[in-house]
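**Student:** Produce the complete structure using the sequences and hints provided.
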Amino acid sequence: MCLAVPGRVLDVEDRDGTRMATVDFGGVVKEVCLEYLPDLKAGEYAIVHVGFALQRLDEESARRTLELFENLGMLQEEFGDPWEQAAAQGAAQQPPHHTTAPEAQQ
Amino acid sequence: MKYIEEFQDPDLAERLLDDIRATVTRPWALMEVCGGQTHTIIRHGIDQLLPEEVELIHGPGCPVCVTPLEVIDKALEIASRPDVIFCSFGDMLRVPGTGRDLFQVRGTGGDVRVVYSPLDALRVAQQNPDRQVVFFGIGFETTAPPNAMTVYQARKLGIRNFSLLVSHVRVPPAIEAIMQSPDCRVQAFLAAGHVCSVMGMDEYPGLAERFGVPIVVTGFEPLDILEGVRRTVRQLERGEHTVDNAYPRAVRPEGNPAARAMLDDVFEVTDRAWRGIGVIPDSGWRLSSRYRDYDAEHRFAVDGITTREPAACRSGEVLQGLLKPHECEAFGTTCTPRSPLGATMVSSEGACAAYYLYRRLELNTPARPAASLEGSPVV
Ligand code: SF4
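Here the protein sequences come in this chain order: U and A. Counted from 1, the first sequence has number 50 at position 50 by UniProt numbering; the numbering is strictly sequential. Counted from 1, the second sequence has number 72 at position 72 by UniProt numbering; the numbering is strictly sequential.
Bear in mind the hints are in silico, worked out from the structure with no lab data behind them. In this text, a Cβ means the ideal position worked out from N, Cα and C, and glycines have one as well. Hints are supplied without guarantee of correctness; some may be wrong.
Computed far set for chain A versus chain U, every beta-carbon distance over 10 Å [claimed, not checked]: (1) 10; (2) 91; (3) 185; (4) 239; (5) 265; (6) 268; (7) 295; (8) 298; (9) 300; (10) 301.
In silico DSSO-like cross-links for lysine-lysine, where the CA-CA straight-line distance does not exceed 27 Å [claimed, not checked]: (11) U:41 - U:30; (12) U:41 - A:324; (13) U:30 - A:156.
**Tutor:** Right, here's the structure in full:
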């Protein structure tokens, strides 16, 4: 959660009066809110934290960071299934409605 | 040099290290504030590559670790209610409250959901108008603006079944508290880069001046850390104490003005307890009076819950840089990521977890099977 990941904006749209984008994080695509960087455009890179673009980033450094995160398994940690991760971490029982993706992101 | 070949640019890393070696003439203790930086340092053995005069002390910058036990207990209480859908970031699931954690609450029928963004929790509220949806709003200056925006949106859209359990913390008062501790050995700070991406740098010159400490804004990749250390050591050796930006690709001096304006609107500064440390004046945010309706503590009347933290866990000292994780008696014996006593062992950004994952064998602590952990992508 502390991790802020660079991503590339694929496209931008206004949804219910909120500026949103689809952003590619080295293959994982997520919805991201652009309200804090409203003039970010498709093709540009930004640092994204918990679904919000917080600061612009140049392409070269964004690519390098993403590559590093990929190699360190950190993208998996940020975007993988949190229930599986929590279960692997502890010996506690599986949650009753186990899903393979965070259910709130349908 | 057992780790340097893993650096993205080993030659550049070597040059930075040479420069640090050539500059340093006596011992210095630097604190890296951010838990992400701690993990980079331990994972790449940066502390071992640096000349022995340069000591890195791990700071309190892990939001999961510093969330007070009391707040976790409030979360568990709210999440157990049948009318509530409790939404949280994944890394809070295994943080121990008194006796249980969110993962177990879900196991016993609580509707706990993991979201990637606080806006996802707001969507859950829209989709479930007959349920109460509560989002667990923890974190530093990087997470607070997204949460602020979510509450702002909830009010704008007239969504009434949404609320926030708020436990936000701010870095500068923590730096101040660390410097004021009589046991403090810290002589300079590597400030957390992404916090400054949002807040900019104007909270730091006053601190640098008052305590005579260099503050160098630093990123969290291996080369960023080396560059931050290099600039810090230069200042220390010259007797300077200014605020310097070693992470300009992501930090502008003014930060993100839109995010700062939203923080000012939705939150107000308050005293906050830090797990293991205690109350630090002005070190947190709570919802401002205009948004008090969205405060889950009031809505579910859990503001009366108070909890004493267990004495066995010494994470308070770890978080203030007074103790290294492996110096804690419980480290690797009664406290492991599988059965953690403190949040610093649970969180993927926690200092105890970093030592357990990357240093346990070297430190020769009593062997415990870690096979299932090694096979998993987490922490
Ligand atoms: S090793 Fe465990 S008990 Fe010791 S300080 Fe770290 S989290 Fe607390």
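**Student:** Against this structure, judge whether each hint is valid.
**Tutor:** Quick rundown of the hints versus the structure:
{"no.": "1", "hint": "10", "in the structure": "13 Å, holds"}
{"no.": "2", "hint": "91", "in the structure": "5 Å, violated"}
{"no.": "3", "hint": "185", "in the structure": "25 Å, holds"}
{"no.": "4", "hint": "239", "in the structure": "32 Å, holds"}
{"no.": "5", "hint": "265", "in the structure": "13 Å, holds"}
{"no.": "6", "hint": "268", "in the structure": "20 Å, holds"}
{"no.": "7", "hint": "295", "in the structure": "20 Å, holds"}
{"no.": "8", "hint": "298", "in the structure": "24 Å, holds"}
{"no.": "9", "hint": "300", "in the structure": "20 Å, holds"}
{"no.": "10", "hint": "301", "in the structure": "26 Å, holds"}
{"no.": "11", "hint": "U:41 - U:30", "in the structure": "16 Å, holds"}
{"no.": "12", "hint": "U:41 - A:324", "in the structure": "45 Å, violated"}
{"no.": "13", "hint": "U:30 - A:156", "in the structure": "24 Å, holds"}
Of the numbered hints stated above, those contradicted by the structure are hints 2, 12, listed in ascending order.
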